[in-house]
Amino acid sequence: MDFYRGNVLRIDLSAQEATVEPLNMEWAEKYVGGKGLFLRYLWEEVPPNVDPWAPENPILVVTGPFAGTNVATASRVLVGCKSPVTGILNDSYSGGSFASEMKFAGYDAFIITGQAREPLVVTIKDDVITFVPAMGRYWGLRTSELEAALLADFDANAKILSIGPAGEREIPWACVSTDQYHKAGRGGHGALMGRKGLKAIAVRGTGRVTVGDAKAFLTDMYRMQGENVLTPDNMAQNEEGTAVLAQMMSDAGIIPTRNWSTGTFEGIGNINSASFLKIRTKNCSCTQCAIACRQFHVAGGVASEGPEYETIALCGANCGIGDIEALMKFNHACDELGLDTISSGSVVGLAMDLTEKGVKDFGLHFGEAGPYLQAPELIANREGIGAELALGSRALAAKYGRPELAMEVKNLELPGYDARGAFGMSLSYATSDRGGCHMRVWPVGDEIITGTLAPDSLEGKAAYVIDGQDYQAMEFTGIWCAFWAAGLDQMALLMSHVWKREVTEKELRAVGECVWNLGRLFNLREGIEADAVPAKFYAEEYALTEGPPAGRSIGAKALGDAIAEYYTLRGWDAQGVPTEAKLVELGIDVRL
Amino acid sequence: MCELACSAFHEGAFQPSCARLFAAVNPISATIKGRTCLQSGCAKCQEACPNDAIVTRSIAVTPLGLFASKEKNGGFVEGHVLVVDESKCTNCGECYDVCPTDVIHEHPSRHVAFKCDLCDGEPQCIAFCQNENVLAVDLKVDKADMVPADA
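Sequence order for the protein chains is D and H. Residue numbers for the first sequence follow numbering that gives the first Met the number 0, beginning at 0 and rising by one. Residue numbers for the second sequence follow numbering that gives the first Met the number 0, beginning at 0 and rising by one.
Because the hints were derived from the structure by calculation, they are not lab data. Treat the hints loosely; a few may be bogus.
[As the list claims (entries may be wrong)] For lysine-lysine, the following DSS-like pairs were computed, each having C-alpha atoms within a straight-line distance of at most 27 Å:
hint, chain 1, residue 1, chain 2, residue 2
1, D, 281, H, 32
2, D, 581, D, 505
3, D, 29, D, 398
4, D, 505, D, 29
5, H, 114, D, 124
6, H, 32, H, 43
7, D, 124, H, 32
8, D, 398, D, 356
9, D, 281, D, 328
10, D, 214, H, 114
11, D, 328, D, 277
12, H, 43, H, 87
[As the list claims (entries may be wrong)] According to the in silico footprint, chain H covers these stretches of chain D (three or more CB under 8 Å from chain H):
hint, region
13, 63–74
14, 172–182
15, 202–216
16, 282–291
This one's a predicted model, so the numbers in the text were calculated from it and none came from an experiment. By construction, the Cβ of each residue, glycine as well, lies at the ideal position given by its N, Cα and C atoms.
Assemble the whole structure, with the sequences as input and the hints as a guide.
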């Protein structure tokens, strides 16, 4: 069998048992890999309406068919579960080399169930799986310390997926790290790993991934590398990276600033890409990619990768921090503790807002680096103010009677784009399958950057959002990285190697749509909140007063109409439930 | 990438553990330490071989690739490559012990020594190299240009 290893490793932490099962090839053929395969397994593996914190709620680690080959960007790994934060599906992706190593070890996916009595590390060397007690040696370590310890103890060439101290203490936005700097960041599966008592999985593989005619495959990949991967557009990720967005988003008036009170940050000049270029030391790649978007910087005694735009926006502007050294330190602390930076910056910004409004004094003030820099450690330890901040935005704002100050969708904190200046983002956030997320479809690209769509209108946005979501669902099924932004024609060429036949763009778009609908069914089964966004985005009273979006307002009715139009165009009923006709058309084999 | 391309070219499948060169990445410092064959610039394996199974061949190398490797190699390099004559190799292991960069090993299925042969003149590691500094410098084929792998 080419591209797949044909094995799923089931790791039962309660019994400390690992068993190998054949990959369900019927599902692999229909849902390919990555997000699609994850959702099909999730449907089967999650007992309906299970408490997400329960031992029965599994964590899935899933590869795509191209992991382990030299297809660009395809070494990304999916870490997913029913989220303990949102109660719905949660798929997060991490770059690096973990997925390739899983394939070399012989596995397409891991299904992690149960709950360890005492914390564990699981080591996997091909078919030898060992459960190692984590107390004493590993539990409590920061991510870089843990990686170093496991590389020394287990295998110098191992790849490691782990949680930091934040995951051990079940902080709702604890992330999962691979190769230290890569984070499957959102939705709290790091917290679920902590609950399960799983500190890390270290994997080392010596096996092979076959692709049919390897020389013909290499020839195709070489041509693709030149024509489609290392293009000037993609290499912008190498040169400036996502940090380039900082200045653009502030100029457009949509960078969340001081807990989303404005979209223009006066300190942006200190934390934009020009400032980061001055402290850049090098670029680095994921294992299967030549774009080398990973940028290393040195400042304030910290040498670290990043920060990416979302971190600049939420941990910088949203906290009023225009100090590059403070931002580097905060980002590094989150990396080491295993905290998602989007939620970290969002919660700290909220606490600053509550403090300055006189609601509750957390000792945190916009623009003050001192207490801000202590926050990640306090949160990860649930210590001092950290105990309350660890509630997350929604619960924290609700506790102090100011729910309107929490900027989240379905209890997942929002990323760095204010929908008041890019109306399409409101629909994107409202209909995202995992809550407040920009990685399902990103209208900012055309509303702000290319300027081909009006940023102050929802007209035509429902169709645009659907198109983007289906494309992205296919991209994450592959699994390719958004920094390649492979066209469906390129995906079709790659998939023709897997399916050993001609593949059309149309059928891959249908796979994306199928995957999106399957996700919707799962969310409906588990109980999804109404598709909505914070009132700040649409109510007239909250209109921005400066920057290009000043005075604009989406309006509750326009947003409601757009969501209704979205349901209609999706082939869903008025409550957002996929119709039987749509499920039959897509060949989806499960029902509510 | 280099290990992946190397194994696919020679083994017909992606299997870095069977690559003929190695790039060890430290995930924390994000540094890469490459290990490649130094060919005739080293020749310790050839000297150690009791069966004359490691032979010198002339080769013209045309580096492919999309980064600076092309320019760095002047696009074309002539030199010598050491290849294993499998009919003579007895898998005695003498060469495995003396290789300073640890890039000649026992093949897991053919049970003879296997090593870098510069892919008949089109090194796939360079073609897919993602780092303009590592391989283009290390994969020298002429003694005069030889640099230690850890330079």
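Check each numbered hint against the structure and report the violated ones by number, ascending.
3
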